[in-house]
Amino acid sequence: MKSILATVVAFVASAVFLIAPPAMAADAGAGAGAQVFAANCAACHIGGGNAVNPAKTLKKDDLVANGKDTVDAITTQVTNGNAGMPSFGGRLTPEQIENVASYVLAQSDKGW
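Heads up: the sequence shown runs through residues -25 to -1, 1 to 87, numbered per mature numbering (1 follows the signal peptide of the UniProt record, and there is no 0).
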């Protein structure tokens, strides 16, 4: 009886492992982007807002109006800075900047 139960448990555990969806690179990037955002951006952009210039938030409508509604545009903004925003090109790696740009765009799509 114990061996049958052990076999069933092993089978179920194997099936769950094989059926579980794999973690995607985008998922890892989103988590990394959230961490970069929390550590470097949230002070001015908490909840997608903008403490320096309230007209230029990270909300979808403002990103579109300001031509910052693509990962490339956000990456350029983060890398080079502009107006009241400092450049993060010397502080963050290109991968961190791409991750945070993807995160910002995804959050804007969700409505923050």
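A hint or two may mislead.
Said to hold, decoys possible - As a list, the in silico EDC-like pairs of lysine to aspartate or glutamate whose alpha-carbon atoms are at most 20 Å apart: (1) K31 with D47; (2) K31 with E70; (3) K35 with D47; (4) K85 with D47.
Hints listed in this document are in silico derivations from the structure and should not be mistaken for laboratory results.
Since this is a predicted model, take the numbers as computed values, not measurements.
Q. For which of the previously enumerated hints does the structure constitute a violation, in increasing order of number?
A. Hint 2 is the one this structure does not satisfy, whereas the remaining hints hold.
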